[in-house]
Amino acid sequence: MKFIGGSKIRLDRVLSELDKRVLSFTRILERHVEYVIVSGYVSILFGRARATEDVDIFVKRLSEKKFAMLYENLLDKGYWCLNAEDFGEVYSYLRDGLAVRFALKGEVIPNFEVKFAGKRSAKEAIENPLSVVLRKGVLKISPLEQQMAFKRYFLKSQKDLEDAKHIEGVFREHLDEKKIKRYRKLIEDEKT
Amino acid sequence: MKKLKPEGDNTKERNNFVEYWAEYVRTHSDLEWSRQQNIVINGQIKNSGNFHRKP
Numbered sequence: 307m308k309f310i311g312g313s314k315i316r317l318d319r320v321l322s323e324l325d326k327r328v329l330s331f332t333r334i335l336e337r338h339v340e341y342v343i344v345s346g347y348v349s350i351l352f353g354r355a356r357a358t359e360d361v362d363i364f365v366k367r368l369s370e371k372k373f374a375m376l377y378e379n380l381l382d383k384g385y386w387c388l389n390a391e392d393f394g395e396v397y398s399y400l401r402d403g404l405a406v407r408f409a410l411k412g413e414v415i416p417n418f419e420v421k422f423a424g425k426r427s428a429k430e431a432i433e434n435p436l437s438v439v440l441r442k443g444v445l446k447i448s449p450l451e452q453q454m455a456f457k458r459y460f461l462k463s464q465k466d467l468e469d470a471k472h473i474e475g476v477f478r479e480h481l482d483e484k485k486i487k488r489y490r491k492l493i494e495d496e497k498t
Numbered sequence: 617m618k619k620l621k622p623e624g625d626n627t628k629e630r631n632n633f634v635e636y637w638a639e640y641v642r643t644h645s646d647l648e649w650s651r652q653q654n655i656v657i658n659g660q661i662k663n664s665g666n667f668h669r670k671p
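Residue numbers (the numbering used here), protein chains in the order written: chain A, 307 to 498; chain B, 617 to 671.
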């Protein structure tokens, strides 16, 4: 993997089946809305040796009309929503700040957990994503320092701490400790 | 790469391995580590198709 400037990484990995699924899903998403992938999948993308049931994604808040277009597009491409069939219900969950999950029809995992970016940290991640250039497409992920802060100081489960340790080990020459501290403060402020 | 040190404590043992693997990823080509990682990842996806159909 190689950094290209401050906001792009070229990653020449052999794509996993999960990577292919994520690329297919985000290709649909990006036709309708800006997005950023956060949490566990980011660590996995960069080599963490574990599986996951879901891929967490923040999207910019959409109007009901625009979300309807995205929703129809997802259904057309073979996805279903695990939370509700009725479009109005799906949108109401998102509007209320909840996450909804989509998977390919006939499957439950892996699924894509989609949430409107409400908090400042999520909005910042969408505004300043890290682009990961893969062999068959580009994925937008949240800044690595934000990943570290979120996992180290907010989620803090064994799995999350190990994810943070992995990112720290792989990117130790690139991580900016000042940024990690700033994100930590931002996340703590959002909790209160 | 340094050798992986065995530990009696399970958490320490896991942490050591996570650090070891991260160092492996950092110092080896994307091709080399991803080929191995995909054995773990792809197994899950292959089985997920059956998840929904099981009673």
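For the record, the hints were derived by calculation from the structure and aren't laboratory data. Hints may be right or wrong, so weigh each one.
30 Å max Cα-Cα, derived BS3-like pairs, lysine-lysine [stated by the list, open to error]:
hint : chain 1 : residue 1 : chain 2 : residue 2
1    : A       : K383      : B       : K662
2    : A       : K462      : B       : K628
3    : A       : K491      : A       : K429
4    : B       : K662      : A       : K442
5    : A       : K421      : B       : K662
6    : B       : K662      : A       : K487
7    : A       : K411      : B       : K662
8    : A       : K326      : A       : K491
Tested hints:
no.: 1; hint: A:K383 x B:K662; result: 20 Å, holds
no.: 2; hint: A:K462 x B:K628; result: 16 Å, holds
no.: 3; hint: A:K491 x A:K429; result: 16 Å, holds
no.: 4; hint: B:K662 x A:K442; result: 21 Å, holds
no.: 5; hint: A:K421 x B:K662; result: 27 Å, holds
no.: 6; hint: B:K662 x A:K487; result: 40 Å, violated
no.: 7; hint: A:K411 x B:K662; result: 15 Å, holds
no.: 8; hint: A:K326 x A:K491; result: 35 Å, violated
The structure fails hints 6 and 8 (numbered hints given earlier, in ascending order).
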